[in-house]
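So the protein lines, in turn, are chains A and B. Going letter by letter, the first sequence gives residues 1 to 494 in the working numbering. Going letter by letter, the second sequence gives residues 1 to 511 in the working numbering.
In short, the hints are calculated from the structure, not lab data. Remember, predicted model here, so these are calculated numbers, not experimental data. Please note that a few of the clues may not be correct.
[Said to hold, decoys possible] Only some residues are given here: those of chain B computed to face chain A with a beta carbon under 7 Å:
#, residue
1, T256
2, N262
3, M265
4, A281
[Unchecked claim] Derived list of chain A stretches under chain B, where covered just means 3 residues or more per stretch with a C-beta under 8 Å from a C-beta of chain B:
#, region
5, 249-261
6, 387-393
7, 460-470
Yeah, the Cβ is synthetic: ideal placement off N, Cα and C, and Gly gets one too.
Each chain is listed here by its residues.
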Amino acid sequence: MRTILITLLALLAVSPAGLAQNKGAAGAAKPKGLVRVNSTLQSYSAAQPWERTNPVRRRGLGAVLPGKRILTTAEMAADATYIELESSDGTRTAPATVLALDYEANLALLAPEDPALAGWLQDIKPLRPNGAVTIGETVNIWQLEDNGEAIRTSGTVRSVDLLSTFIEGHYFLAYEVKASMQSASSSYTLPVTRDGKLIGVLTSYSSKDQISDVVAPEIIESFLADVKDGTYEGFPSLGIATVLTEDPLFRDYLGLTDDQGGIYISRVVPGSAANDSGLEAGDVILRIDGKAIDRRGYYDDPLYGRLFWSHLVRGMKKVGDALKLDILREGKPETITANVRRAPEKLIPDHIHDSPPAYLIKGGLVFQELSRQYLEAYGDKWQTRAPLGLLDALRNPEDYEEGRNRLIFLSRVIATPATIGYENVGNRIVTEVNGQPIADMESLVEAFRQPTDELHMIRIDDVPYVLYLDAEISDVVDKQLLESGLQSLSRIRE
Amino acid sequence: MSRLLPALLGALLFIPPISAEKTLPLVAEATGADLEAPVPPPPPSDIYRSVVRVEVATQVADYRTPWNSGRFSGGTGTGFLIGNNRFLTNAHVVSNARRILITKRGSAQKFPARVIHIAHDCDLALLAVEDFTPFDDLPYLEFGGVPPLESQVRAIGYPVGGDRISVTRGVVSRIDFRPYSHSRVDSHLVVQIDAAINPGNSGGPVLQDGKVVGVAFQGLRQADNTGYIIPTPVIRRFLKDVADGTYDKYVDLGVTEFPLHNPAMRAALGLPDDGFGVLVASVLPEGPCDGILEAGDVLLAIDGKKIDNSGNITVDGEKVVLHEIVERKFAGDTVELDYRRGEDQRSATITLKPFPHARIFAMRYGERPRYVFFAGLVFQPLDFNLYATYQFESPRVRKIYQNYVKDALFKEREDVVILTRIESDRLTTFITGFAGSVVNEINGTKVKNLRHAHALLYAPDPPEFIEIKLEGVPRPIVIPSAEAKAASERIMQSAGIYRPYFLDEAPVSAE
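Here chain A stands alone, though its shape is the one from the complex (with noise of 0.2 Å):
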């Protein structure tokens, strides 16, 4: 979904103002709770966890909601190291804080850091978040030129779905906009309002299609009232995996009538909402809620017409709510209630944005937490050219979690008299150290603290599978590499 996007990013609109009228579409307007936000986000290295990689700066708009609170995209503010709040005339300029984050929904709430400073939000007139969309009705997407006015962008809903926005694999309701853009400055994210009300935040924009995703007002109302309670939750999650049951061989075997639909369960992730309230893999789901889910695993929503089933789950409840689900079990109706909470943490986690990578160098010997983010980061063909025992982790880790919390790995080998036949080690799982089971890096760091006779050994998955280090060397060589510019010689996860 992010793919194509994004086009408008920071391109300039180079002609002053009143240009690009669009059929009627577009044109100025009045600015009304549009603020500018500009990010420099700075995430860490894969290859050297212990620093950041080279700033991006990321330039978007934000909603000014009531007290002063700005509504964004998490994008804009995931890993940031400076936000910052511009007038739409880039007269003024405020320190922001992130008061939330949900990477998953891709919404971020700000705040100016010193309202002192941040006064000319005063003139802003607040945007209010309204209602739901229909499909067919227009929407106004929201721009603005250098000189500070506004640019609207008028568009019809074509539809209304469960997009994937950010993190891969976390899908959300969100509607898709037809309207043509211009390029102009802060179009990272844009509001989008109807009648002068906010309706929702756009996360991308296909030049080429002239399509927007925008994320559900209801995401956002979800997301501001989680907000306001004090401490925020985030959204609940189930915890299965699940298969859909179109094949009529397969619902055959599975005792499916033709009239029924049902989505068959092929994993309960174990310590989910779903492990907890008895839900077993082999389960067909045949209502959530009343319900009824269609064997591609829909139901007829009575604003959107079909959405996929996850939307009951993630989009209609909070943390601690209860789900009642209709099932068939072996062939026979049993009716099971779950309380959905948040997803329990996994072994390697979707992304470790503004959580600093767990890491720890021994001697030049550079060990690491699996994350997703790391494999990604061999780029776009992440998925083949990454280490294939570290994928096979990502894409098995029910193979791997036993003992562990994180999947510690030895990433890299740093050349240093400590090392020396060692330098094509590299990206190996590590399960002991020092004859310590290693769980994660807490454990790691422990486990280096007790070495025998003056050595560490390290076992790993694969050739030579056992590595050793002089303590006393390891040590000295550890304190050249702080003298070298390394700033620390681990970082544990908070």
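Go by the hints and put chain B onto chain A.
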């Protein structure tokens, strides 16, 4: 690293099997025993008469449609007479051959020939013509030693760019243990020369002082003027191996070594810092050292030759990898190993044996691909050809392939059976996405090999549903037995699959 591990090196490329030229030794022995020329070497022009052009028509199996005939193609190479109706050439020149014709220098007449022995692991083959009479007067080419560095050699052959014999001069620039690209998995001694070896040169003799010092066989695509030749120790081994009428292939220690440069690792293993000894990182299950060596042992000497910390030994003043010792031996031969385990110094006599499971990583030639077809599903055993054809993306398939030998997966799976294709049909509309997966179970039974899969799929008294469980696939594939037969017939008809299975490996020609 042992040469049994899949070496997916892209650097070395075949010289396409186009031509080979040959020279001839004077000795009349059919096998390539060391030939001390009993008569003075003939002038070069006379030797060149025994270098022949080999024209090959090939049929290359298509692993994507294993029921089809494959691709008909061809090429030329070079060969040379080394004995009574024995022509030496490269295996790759005559691989997948359906017809071989040999042409004498300066003649247009083509003489039918056949493969007597073919060794894909060292890229050599012996040919014979049906009627040797026209070749009776030709001298046999004679073998020399390994040419020294910087010495000059001549490559003779019939490369592209003309019909007549071609001679190229070059200088020996390196002698090394290098991959042989024909099988994709084997490494042997190689002599590098700075003469370009071009398509068609393959199989041709490389001469020094009137004797064969190698067979031209491959080049390096990204470097000009670099040619590789198979030196005489490898050729002699091949000829000795086939002397009993069959080619028994190379043997291997079945050990993965890791260099012992690290002082801490040496200290942990109780070794002095003297530059000797290499770590046994792993021992191949069921290999010749299984049960004798263990991971963590340190190899100190092989056949009395001290092993340095990179796994090299010194032979005739040259550093070579320790596998060179095993290289020259045969199945049933023994090798003496001195090694260290903990504080103990030990010795063992290893009896070498072939290790067929490792051939899963080798390119196959001249074999008809095995497959089983069932109700739109195509099952094939995993090997290099299949892997290269389908470029499997699933990490599980890739991991099973890579660890097949190392983790002794062959004990449970003689074949790794893959569901490679799913033909279009109303029965298969919703399962096409499952192609490219490893088959674990059929009807609750673990699949051992392709023949087993066939027996389970075509069981005489099947359950209501044939249930196929795939590795890493979230649900089974189910085919109602009542519909299977009709579906198989219908789909075979529409997809042009003329027979439902092929289970036997059919070797091409005599081997």
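Now the hints, each set against the structure:
1. Hint status for B/T256: holds, given a least beta-carbon distance of 6 Å to chain A, under 7 Å.
2. The beta carbon of B/N262 comes within 4 Å of a beta carbon in chain A, closer than 7 Å, and the hint placing it at the interface holds.
3. For B/M265, the suggested interface contact is upheld, since its CB lies about 4 Å from the closest CB of chain A, less than 7 Å.
4. Hint status for B/A281: holds, given a least beta-carbon distance of 4 Å to chain A, under 7 Å.
5. For the region 249-261 of chain A, the proposed coverage by chain B is satisfied: 4 residues have a C-beta within less than 8 Å of a C-beta in that chain, meeting the threshold of three.
6. Check result for the region 387-393 of chain A against chain B: holds, 4 residues qualifying (beta carbon to beta carbon below 8 Å, three or more required).
7. A count of 8 residues in the region 460-470 of chain A with a Cβ less than 8 Å from any Cβ of chain B is obtained; the coverage claim is therefore met, three being the minimum.
Of the hints listed earlier, there is not a single one the structure fails to meet.
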